[in-house]
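J.: These are the residues of each chain, in order.
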Amino acid sequence: MSPGPLPELVVLGGGAGPRGSAYAVSLAAVGVPIRVVPYAAVLDGQPLPVRPGAVVRCEAPSDTPGLDARLVRLGGGPAVDVAAGQLVPTAAWHRGLGLLLSAVDRALADAPAHRRMQRTEAVLAMFDKAETARRLATAGVPQPERLTAAGPDAALARDLELARDLVATGWGQAFVKPRFGSSGAGLIALRWRGRDEVIARTTIDWDGQRAGNTARLVTRRGWTAVQELIEVLRPDGLVVQRWLPKWSAGGGPCDLRVVVIAGQARHVLARIATGPVTNLHLGARRGDLQQTRRALGEEVWGRVLRVAEAAVGCFEPCLYAGVDVLVTPSGAPHVLEVNAFGDFHEGILADGLDTYQTQWAALESGWGGSSGANPTGCAGDGSAA
Amino acid sequence: MTFDNVSAFAGHPIDDTWDPAQTSPPWPQLPLAGSPQALPRVAVDYDGTAEDWVARLQALVALPGADRLEGLSVGMWGQPYDTDASSIVAALVAVASRLPSLRVLVFGDMSMEECEVSWIKSTDLSPLWAAYPQLEHLLIRGSDGLALPALRLARLRTLRIECGGLDRTVVHQVLAADLPALEELTLYLGDDDYGATSTVEDLGPLLRGEVLTTVTRLGLVDSVIQDEIAQALTGAPVLERLTDLDLSQGVLTDVGGRALLANPAIARLRRLDLHHHYLSDELAGQLAALGPEVDVSDPQVPDEYDGTTYYTVAVGE
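These protein sequence lines are chains A and B, in that order. Here the numbering used here is used: the first residue of the first sequence is 1, the next is one more, and so on. Here the numbering used here is used: the first residue of the second sequence is 1001, the next is one more, and so on.
Only chain A is shown next, with the shape it has when bound in the complex (with noise of 0.2 Å):
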């Protein structure tokens, strides 16, 4: 089982979107040339032909202009027009990420031996945040406390007296989140002390009919208020995560994208917040690494990248994923998210290669290779060798 060279490799969508050139860009420079093919073409239900020994990429459909409300329609939803701001119905465009991604599996289900660096049934639980969080406590893996007295998530949903369920926490502060998605989109960071108080800093415009997605982070008050955006994403199912202080220095709360190429943790971003909320499109911006890590200490660094492997290995196999982590004040790592598609992080560097060439260093080096077992899931599986 020799690994030899990869014959080919071919990416699904993102041919001109910013992650596609810049995958093209990165395999180009270690002598990879990439075959784009576009989404469109396999969600007609055309084949997918591929070399034996092939490895296939998925890209983030949020790369291929238009295909974030192609799934809406895909799984259900209304016509929405993602591109001017509307809030993306999530509960549908999840079913349609699954349709597409199942047509990709159709698509290669004749296709000779071939690896793949997805998994569907990892991408689908990854961007499904009660879904994770359930394999998460299941590992051990530490997380933010949940709300879960109602029972499942979208049950939560529905019965959820706010106000009450909220304050009989203890917690003083909470993020909802859509169930299902993975950007900054319909997120609530809400903050309250007694029953009479509260305050909400949200990426929801909500103006009474229609919402939409803010740049940057609205405030609000009251419970009334509150209840409303609730209102707008319980249709979709929601995710109530107490809301853990992130260590704050060098100029804000601070945490950290770690991205785990074949079981180890390799790149790190750290990203630096100008309020609750660390997603880079909202106004945070990129830390200083070595500074960061010299701050939070080599034994907290540690701790950071273990709870972020132990974090990925809930999805194994898994070739890569990049996983958020916060770090209390105190020091102690909580993973709040797990990202398929989180390994867009141009300029960062592990070994002088980055999170594209190190996963193709994997793969080169035998990742997912020719064991018996069927790793990747996909159907024609087997050796590049």
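Hints in this document: simulated from the structure, not taken from any laboratory. Cβ coordinates follow ideal geometry from the N, Cα and C atoms, glycine included. You may find that some hints are simply not true.
[Stated by the list, open to error] Not the full set, but computed from the structure, chain B residues with beta-carbon under 8 Å of chain A:
(1) Asp1004
(2) Asn1005
(3) Asp1015
(4) Asp1016
(5) Thr1017
(6) Ala1043
(7) Met1076
(8) Gln1079
(9) Asp1084
(10) Ser1111
(11) Met1112
(12) Glu1113
(13) Trp1119
(14) Glu1183
(15) Glu1184
[As the list claims (entries may be wrong)] Calculated Cβ distances over 10 Å to all of chain B for the following chain A residues:
(16) Val25
(17) Val32
(18) Pro38
(19) Pro78
(20) Val123
(21) Ala139
(22) Ser183
(23) Gly212
(24) Asn213
(25) Ala215
(26) Leu244
(27) Leu289
(28) Arg293
(29) Pro317
(30) Asp351
(31) Leu353
Take the given structure of chain A and dock chain B to it, following the hints.
T.: Here is chain B on its own, set in the frame of chain A:
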């Protein structure tokens, strides 16, 4: 809209790696080495309690070298939006004899992630005056319930109060204080939505140079009435003594900017801090060219929402 834990104060770095929870050998070491000495932050985690905080302080003062500790930072004391700081003050008073070298105190060292600044429940700090008469530098963060009656500290050189909105009673208490060595005074006046009640009239005795007459570095910052403060400085006797003036982080528009520009005493300052402002580019440029070292960074754009324009201070809620 955010603020960090305090990383340094009065030239001392604050050490947040010091672990008071480490109660078995090897005993934790106080960060005594180094010059200037790093100051330990005594804090509990998000689910800790004020009782835990007191236990940590007691562990700290029991360590060898505590008598040489020059300062400490009072961090998160557990649900600070519910639990006021009275038991923290009492604990500090109780251990005062173990901390004879303590010159620097940070009280309420919490980040935005830990508590809304305007929700930090402070308390009457006056028991500290008699317990720590040697204090030279005092930083207080959070003003809900804060009281500073009969403030008298003969050696205090720096007083800084950071909050989202300062009650006028506290302003009066500071202006009535007996602080003969005070060099630097910074007050976050804040927003009336978050507890600010003071007016320019409340600051009158200070601006007229009648009180706290040793201050050479003055900050009246983070204020919704930043323009009025800037205007009230026209002809204000206090400027004759000042080397540094900080009017940053508030709602300073061209109205206040023009008053500063026309004020000849401003040009004589060594340093003028106006960062986080709503000045036009033109006026910011003119102020920057005044002569002193001027900080006009971080220009702000007001928010428009439902036809209303909103100007916000840097640290509110």
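J.: All the hints need checking, so say for each whether the structure fits it.
T.: Tested hints:
Taking 8 Å as the C-beta cut-off, the interface hint given for aspartate 1004 of chain B holds, the closest approach to chain A being about 5 Å. Because the beta carbon of asparagine 1005 of chain B sits about 6 Å from the nearest beta carbon in chain A, less than 8 Å, this interface hint is met. Taking 8 Å as the C-beta contact cut-off toward chain A, the hint placing aspartate 1015 of chain B at the interface is violated, the least distance being around 11 Å. Given the 8 Å rule on beta carbons, the hint for aspartate 1016 of chain B holds: about 7 Å separates it from the nearest Cβ of chain A.
Evaluation of the threonine 1017 of chain B hint against chain A yields a held restraint, the C-beta minimum of about 6 Å falling below 8 Å. Given hint, alanine 1043 of chain B at the interface with chain A, holds; its Cβ is 7 Å from that chain's nearest Cβ, closer than 8 Å. Because the closest C-beta pair between methionine 1076 of chain B and chain A is about 7 Å apart, less than 8 Å, the hint holds. This hint holds: glutamine 1079 of chain B has a C-beta 6 Å from the nearest C-beta of chain A, less than the 8 Å allowed.
For aspartate 1084 of chain B, the suggested interface contact is broken, since its CB lies about 12 Å from the closest CB of chain A, more than 8 Å. Because the closest C-beta pair between serine 1111 of chain B and chain A is about 4 Å apart, less than 8 Å, the hint holds. Contact between methionine 1112 of chain B and chain A, as hinted, is supported at the beta carbon level, the nearest pair being about 7 Å apart and thus within 8 Å. At a threshold of 8 Å, the smallest CB-CB gap from glutamate 1113 of chain B to chain A is about 4 Å, leaving the interface hint in force.
Annotation: interface hint on tryptophan 1119 of chain B holds; nearest CB of chain A at approximately 6 Å, less than 8 Å. A least Cβ separation of about 27 Å between glutamate 1183 of chain B and chain A goes past the 8 Å threshold, and the interface hint is therefore violated. For glutamate 1184 of chain B, the interface hint is violated, the least distance from its beta-carbon to any beta-carbon of chain A being 23 Å, above 8 Å. Every Cβ of chain B is farther than 10 Å from the Cβ of valine 25 of chain A; the closest lies at roughly 35 Å, confirming the non-interface assignment.
With a cut of 10 Å on Cβ distances, valine 32 of chain A stays outside the contact zone with chain B, its closest approach being about 42 Å. Separation of proline 38 of chain A from chain B is adequate, the least Cβ-Cβ distance of about 40 Å exceeding the 10 Å criterion. Consistency note on proline 78 of chain A: stated as away from chain B, and its beta-carbon is indeed over 10 Å from all of that chain's, at 26 Å minimum. The claim that valine 123 of chain A is not at the interface with chain B holds, since no C-beta of that chain comes within 10 Å of its own (minimum 31 Å).
For alanine 139 of chain A, the shortest C-beta to C-beta distance to chain B comes to about 22 Å, beyond the 10 Å cut-off, and the non-interface label holds. With a least beta-carbon separation of about 21 Å from chain B, serine 183 of chain A lies farther than 10 Å from that chain, consistent with its non-interface assignment. Interface exclusion of glycine 212 of chain A from chain B stands, the closest Cβ pair being 14 Å apart, more than 10 Å. Residue placement check: asparagine 213 of chain A keeps its beta carbon more than 10 Å from all beta carbons of chain B (closest about 16 Å).
The Cβ of alanine 215 of chain A lies farther than 10 Å from every Cβ of chain B, with a closest approach of about 13 Å, so its non-interface assignment holds. With a closest Cβ-Cβ approach of about 6 Å to chain B, leucine 244 of chain A is found to fall inside the 10 Å limit, against its non-interface label. Look at leucine 289 of chain A: its CB is around 18 Å from the nearest CB on chain B, clear of 10 Å, so calling it non-interface holds up. The Cβ of arginine 293 of chain A lies farther than 10 Å from every Cβ of chain B, with a closest approach of about 13 Å, so its non-interface assignment holds.
The beta carbon of proline 317 of chain A is kept farther than 10 Å from every beta carbon of chain B, the shortest such distance being approximately 35 Å. For aspartate 351 of chain A, the non-interface assignment is confirmed: its Cβ lies about 28 Å from the closest Cβ of chain B, beyond the 10 Å cut-off. Remark: the non-interface label on leucine 353 of chain A is consistent with the geometry, its nearest Cβ contact in chain B lying 32 Å away (cut-off 10 Å).
Of the numbered hints given earlier, the model fails hints 3, 9, 14, 15 and 26; all others are met.
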